[in-house]
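Peer 1: Listed below, chain by chain, are the residues.
Number of protein chains: 2
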Amino acid sequence: MNKEIQKKLVKNWFKILQEMICKEIESLEKGKRKFISTKWSKNKNKNEGGGEYRIIKNGKIFEKVGVNFSEVYGKFSKKFRHKIPGAKTNPNFWASGISIVMHMQNPHIPAMHFNTRYIYTSHGWFGGGIDITPCFKDKKLSKWFHSEIKKSCDRHNKKYYSRYKKWCNKYFYLPHRKEPRGIGGIFFDYKKDNWEKDFNFVRDVGITFKKIFRDIIIKKKKIKWTKKDKETQYKKRGRYIEFNLLYDRGTKFGLQTGGNVEAILMSLPPIAKWN
Amino acid sequence: MNKEIQKKLVKNWFKILQEMICKEIESLEKGKRKFISTKWSKNKNKNEGGGEYRIIKNGKIFEKVGVNFSEVYGKFSKKFRHKIPGAKTNPNFWASGISIVMHMQNPHIPAMHFNTRYIYTSHGWFGGGIDITPCFKDKKLSKWFHSEIKKSCDRHNKKYYSRYKKWCNKYFYLPHRKEPRGIGGIFFDYKKDNWEKDFNFVRDVGITFKKIFRDIIIKKKKIKWTKKDKETQYKKRGRYIEFNLLYDRGTKFGLQTGGNVEAILMSLPPIAKWN
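Chains A and B are the protein sequences, given in the same order. For the first sequence, position 1 matches number 1 in the numbering used here, and the numbering has no gaps at all. For the second sequence, position 22 matches number 22 in the numbering used here, and the numbering has no gaps at all.
There's no promise every hint is true.
A pair holds if it fits inside one copy or across any two, identical chains being indistinguishable in the list.
[What the hints assert, rightly or not] No more than 16 Å apart at the CA atoms, straight line, and that leaves these computed lysine to aspartate or glutamate pairs for EDC-like:
| # | residue 1 | residue 2 |
| --- | --- | --- |
| 1 | K235 | E262 |
| 2 | K273 | E231 |
| 3 | K273 | E262 |
| 4 | K178 | E262 |
| 5 | K11 | E196 |
| 6 | K273 | D229 |
| 7 | K220 | E29 |
| 8 | K88 | D215 |
If you're looking for bench data, these hints aren't it; they were derived computationally from the structure. Here the structure is a predicted model, which means the values were calculated and not measured.
Please work from the sequences and hints to get the whole structure.
Peer 2: What follows is the structure in structure tokens.
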């Protein structure tokens with residue numbers, strides 16, 4: 001298939017998914033809270049694409065959710081070329097993605113993160129993942145969550161789950177604290193085995209995330225929490241911020257390549273605390 | 001002077017200053033709040049020095065202050081050698097320093113930061129600085145603050161103030177936000193002109209900080225603040241965190257060389273917020 005058609009299909013899917021997930025979240029809020037949408041351009045003087053981020057705040061269930069869609073293109077600066085596959089000889093790139101971070105009112109509902117993306121330099125690849133960050137140990141939830149992810153991966157390739165789970169654990173880790181950010185999930189990158197199959201998998205990861213966050217919320221939303229539980233959540237969010245600002249590649253990449261600051265940092269929680 | 005004696009003198013001064021500043025803070029809290037001190041060792045199995053950090057929280061004036069003293073030594077890893085002056089040929093290092101960050105209850109009192117350090121590889125140098133981060137524009141305070149710093153610098157060398165002020169503005173800057181962290185002050189590094197004079201200057205910077213923070217607090221502590229002012233402060237602290245985790249060299253250096261996490265991250269405010 002023509003690569004321009006591939007890009008268009010991928011981009012359109014990310015847009016549709018953004019819309020679907022925002023609708024789902026608003027319906028969980030019973031329509032009483034709505035997303036606020038902001039469109040942005042990467043470069044004021046030149047057409048280098050842009051995106052649309054949507055934020056909902058102060059809901060009954062969701063304390064803050066950012067749902068970010070972007071489609072950007074241009075040339076990598078010299079500084080970046082050697083870091084990006086296929087960019088050494090040809091610095092032109094095209095990238096589109098959707099990323100979502102959810103911070104919850106109820107400390108018994110984990111913070112949840114999802115992202116899928118397609119990048120094209122001299123060749124194209126997919127990346128993405130799902131991972132969740134509970135504040136409290138919850139073996140039952142953890143088992144259920146991983147089994148849902150596994151089911152979804154197994155539909156595509158029996159090797160995906162264990163491979164991408166390992167990658168996720170390795171990636172979402174705070175070396176200075178010697179602790180994981182959350183309880184993992186899946187993480188994959190540089191995926192370019194078979195475009196049709198890869199895109200199919202990427203779509204399924206999005207659908208799976210939509211199902212998983214809804215199911216977790218339905219399971220957990222009635223649990224009462226104390227002020228002390230909320231404090232625990234604020235501290236856990238402090239760690240989340242440490243990870244995102246100290247280590248997250250996407251955050252660094254975005255900030256260093258002139259991405260939209262609000263869209264990149266929408267992942268940060270509304271309130272966090274430190275000892 | 002023998003370099004071992006130099007190290008001892010510097011280290012002892014930093015310890016004395018830690019004690020003096022903690023006493024000053026406790027006296028501003030009228031003795032109703034006390035610092036909690038924690039001693040730490042860099043390496044459990046080997047003598048590589050360590051330090052003592054002191055934290056006071058929930059005072060009438062101070063919401064959280066960390067006062068960190070350290071004296072560490074060892075060998076730079078291969079990864080670090082090329083980044084440190086004088087470490088390429090001889091990876092052994094010795095470093096001692098004091099660093100202080102103050103987060104205030106009253107949003108009309110700026111957050112304040114001070115640090116001085118002495119590092120010895122195949123040669124020794126001093127570094128340090130003072131800078132403050134108000135939440136609101138306050139021309140009068142800013143003018144007074146910079147003139148106090150200037151007076152102190154001018155006692156040593158008429159060129160210091162303008163040189164170190166520029167360095168400070170350049171250093172404490174958030175490129176992704178295109179905004180400074182605060183209103184600056186002074187910042188200096190690799191200072192190895194004349195050991196006696198440099199040490200004299202470094203001591204004076206410490207004394208100046210002690211006088212400045214006290215004077216600012218006395219000037220400002222009676223100003224009433226609203227809930228909205230406090231919210232502004234929480235947001236400003238969000239930027240402070242972004243700077244410290246994304247850009248601060250000391251934070252990165254400390255975390256990557258196995259420094260004490262609590263001592264390094266004591267600079268983070270107790271609560272912060274993001275939009």
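Peer 1: Please write out, lowest number first, the hints stated earlier that are contradicted by the structure.
Peer 2: 8
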